[in-house]
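Order-wise, the sequence lines are chains A and B. At position 209 of the first sequence the residue is numbered 209 (the numbering used here), and the sequence of numbers has no breaks. At position 129 of the second sequence the residue is numbered 129 (the numbering used here), and the sequence of numbers has no breaks.
Just so you know, the hints here were simulated from the structure itself, not pulled from any lab data. Be aware that a few hints might be false.
[Claimed, not checked] Below, computed lysine-lysine pairings styled on BS3-like, alpha-carbon distance capped at 30 Å:
| # | chain 1 | residue 1 | chain 2 | residue 2 |
| --- | --- | --- | --- | --- |
| 1 | B | LYS4 | A | LYS129 |
| 2 | A | LYS39 | A | LYS8 |
| 3 | B | LYS176 | B | LYS157 |
| 4 | B | LYS86 | A | LYS64 |
| 5 | B | LYS45 | A | LYS154 |
| 6 | A | LYS318 | B | LYS157 |
| 7 | B | LYS288 | A | LYS98 |
| 8 | A | LYS246 | A | LYS4 |
| 9 | B | LYS79 | B | LYS176 |
| 10 | A | LYS246 | A | LYS154 |
| 11 | B | LYS176 | A | LYS154 |
| 12 | B | LYS86 | B | LYS45 |
| 13 | B | LYS45 | B | LYS61 |
| 14 | A | LYS148 | B | LYS61 |
| 15 | A | LYS64 | A | LYS4 |
| 16 | A | LYS98 | B | LYS79 |
| 17 | B | LYS288 | A | LYS129 |
Each chain, written out:
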Amino acid sequence: MTAKYQVKITDVALRDGMHAVRHQFTVDDARAIATALDKTGVAMIEAAHGDGLGGSSVQYGMAKETEADYLQAVCQSVQHSTVAALLLPGIGTVEDMKRAVEYGIRAIRIATHCTEADISEQHIGVARKMGLFTVGFLMMAHMVPPEKLVEEAKKMESYGAQVVYVVDSAGAMVEDDVRARVAALRAALAPEVEVGFHAHNNLGLSVSNSVAAVKEGATRIDCSAAGLGAGSGNTPLEVFVAVCNKMGIETGVDLYAAMDAAEDVVRPRMVRPVIIDKPSLTMGYAGVYSSFLLHAYRAAEQFGVDPRDILVELGRRKVVGGQEDMIVDVAVELANRKKVLAGQGAQ
Amino acid sequence: MATKLQAAIVGSGNIGTDLMYKLLRSQWVEPRWMVGIDPESEGLKRAARLGLEVNADGLPKLLERGVRPDLVFDATSAKAHVRHAKLLREAGIQAIDLTPAARGPYVIAAVNLGDHLDALNVNMVTCGGQATVPMVYAVRRVVGVSYGEIVATIASKSAGPGTRQNIDEFTETTAKAIEVIGGARRGKAIIILNPAEPPILMRDTIYCLIDETGDDVYERIDQSIRDMVRHVQSFVPGYRLNRDPIYRDNLVSISIEVEGLGDFLPVYAGNLDIMTAAATKVGEEFAKHRIPVGQ
């Protein structure tokens, strides 16, 4: 009997998870995690700086290792899965992608804000010509209605994307949001183009939203061992696989191997627990890019303000992924406002 | 009244049109020709109404007819400019290139305006470069900069199809200018498009890793930054600091905002405004160099 649903899982602990460790994984960490993930049977393993190729920067955080060392360590440790890297046009370039291919990646995921798909044309086109498995990644997808997301997804399809992802970067979607977007893309894209879903657990819905996505026709789901990822983390691989097993969703992933990778390999390497705390819940609630979390903590401490105030203000200003510099600017503004108010109070 | 350089603007789109308005105010450069490729284009019609000689059959035909502008501003595309640069060079006509073609040396108006006055072709880098390289340079003239990184955030509406189809050109060219003109030993550039409505003003963050630290160094850098902001304001009045520069160990973080003049482009498109303002400034500098004093 064939399962009713079949999904291919991409584990993102070595990419999205980098946000949660301030991009400080070492080559040894990369080897250990990649080896453990490869044993689980996930279809794809994504590795890179959290902000993709070329992401190592003052803006997003300098990575511990060079891109070459990090990606080579992962590629050399993986025998079964396909290794992918992420690339955000505007941060990474076609040249970065070509170098990553030399390091051994076989797939690329090209990410843009959900309204800006046309900046990915060049990168998707070159990736296909190079024979890479090519995925389009529409971030912050909660910010636009399904019809608009379809327009942007069709652009990525026309450039050559083989999968288009609905990306809930802010962990802000509830089940109906996910269903409407995944169903709209599934109906609009050619049958040979897959639909994917990438969750963040800021509202505690990553597993159930991922299941909802599968039911609406998504065949690619992003997970992360132990949930390691930005904000409250991504869909925990081991939990999602357990749920899928119970529901008859075929993932091709070995549950125990996933548990082992999560608990024995990834969790000991966390620098802080990946949980739903006040700021990350605020992100899901206010619709703010999950990668802002640790930057907001740092700015809040430096300027003496509540990280939640920073995040809510960023949400109000409709800041998009990549605008980490706004965190400090908003923190400074809030601190100045506080000083003025305190001054008035003293008079 | 001094004689003005007679200039042609090639490219009757948004940039060319905004540039025309700026040049119409210039004491040194007169925009005499507007060159496009579509006789029905709004830009050509507008130029004709404002008294320019309009040509709808492109630059090569203009030159074939024996027209010899003193100066040509190219606001077409990198691809077109590669052809134009060759023709203009053969005709001995000075060209200011607003595309990313980079056939000539980089000019950042606020930094190396006077460096290439006799060059037949100069390149205006990118909008992000015009806005951020002056800040890197302002730090660099006080202290060594091992690394300069800029993040340019612009309104989605102000990024045209040319920018979108080749966004790597922006990051790579800007990064190079951070090194070559800004003086950082290594440069990096990031561009973010933000679709918020109403559109956001162009904002840029400039990070410099510096060779020396200490309050006296920070103080001198701060003065240099503020001097540079005032200097840029002399031709881009809407250029300003968002907040005081922040110093933390060897990191300087500067945040600026660029509000356009709104000549033709909306004020949020400060990224495009700083480009046309910088090109105007360079054209005027060429004119001051070429037109003898007292004429």
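Going down the list of hints, with the structure as the test:
Distance restraint check for LYS4(B) and LYS129(A): the Cα-Cα separation of roughly 51 Å exceeds the 30 Å cut-off, and the hinted pair is therefore not satisfied. Restraint check: the Cα-Cα separation between LYS39(A) and LYS8(A) comes to about 15 Å, which is no more than 30 Å; the hinted pair holds. This hinted pair checks out: LYS176(B) and LYS157(B) have alpha carbons roughly 26 Å apart, not beyond 30 Å. Distance hint between LYS86(B) and LYS64(A) is unfulfilled; the C-alpha atoms sit about 46 Å from each other, more than 30 Å.
With a C-alpha separation of about 36 Å, the suggested pairing of LYS45(B) with LYS154(A) is violated against the 30 Å cut-off. With a C-alpha separation of about 15 Å, the suggested pair LYS318(A) and LYS157(B) falls inside the 30 Å cut-off, and the hint holds. This hinted pair does not check out: LYS288(B) and LYS98(A) have alpha carbons roughly 46 Å apart, beyond 30 Å. Of the supplied pair hints, the one linking LYS246(A) and LYS4(A) holds, its CA atoms being roughly 12 Å apart against a limit of 30 Å.
Pair hint LYS79(B) plus LYS176(B) holds up; C-alpha atoms about 20 Å apart against a cutoff of 30 Å. Restraint check for LYS246(A) and LYS154(A): the C-alpha separation of about 34 Å exceeds 30 Å, so the hint is violated. The suggested pairing of LYS176(B) with LYS154(A) is violated, with an alpha-carbon distance near 34 Å, which exceeds 30 Å. For the given pair, LYS86(B) sits about 28 Å from LYS45(B) by alpha-carbon distance, which is consistent with the 30 Å threshold.
For a cut-off of 30 Å, the pair hint linking LYS45(B) to LYS61(B) stands: about 19 Å separates their Cα positions. Note on LYS148(A) and LYS61(B): the hinted pairing is violated, with a Cα-Cα distance of about 43 Å set against a maximum of 30 Å. Proposed proximity of LYS64(A) and LYS4(A) is contradicted: the alpha carbons are some 43 Å apart, above 30 Å. Simply put, LYS98(A) and LYS79(B) have alpha-carbon atoms about 23 Å apart, close enough for the 30 Å limit, and the pair holds.
With a CA separation close to 50 Å, the supplied pair LYS288(B) and LYS129(A) exceeds the 30 Å bound.
When each numbered hint is compared with the structure, violations occur for hints 1, 4, 5, 7, 10, 11, 14, 15 and 17.
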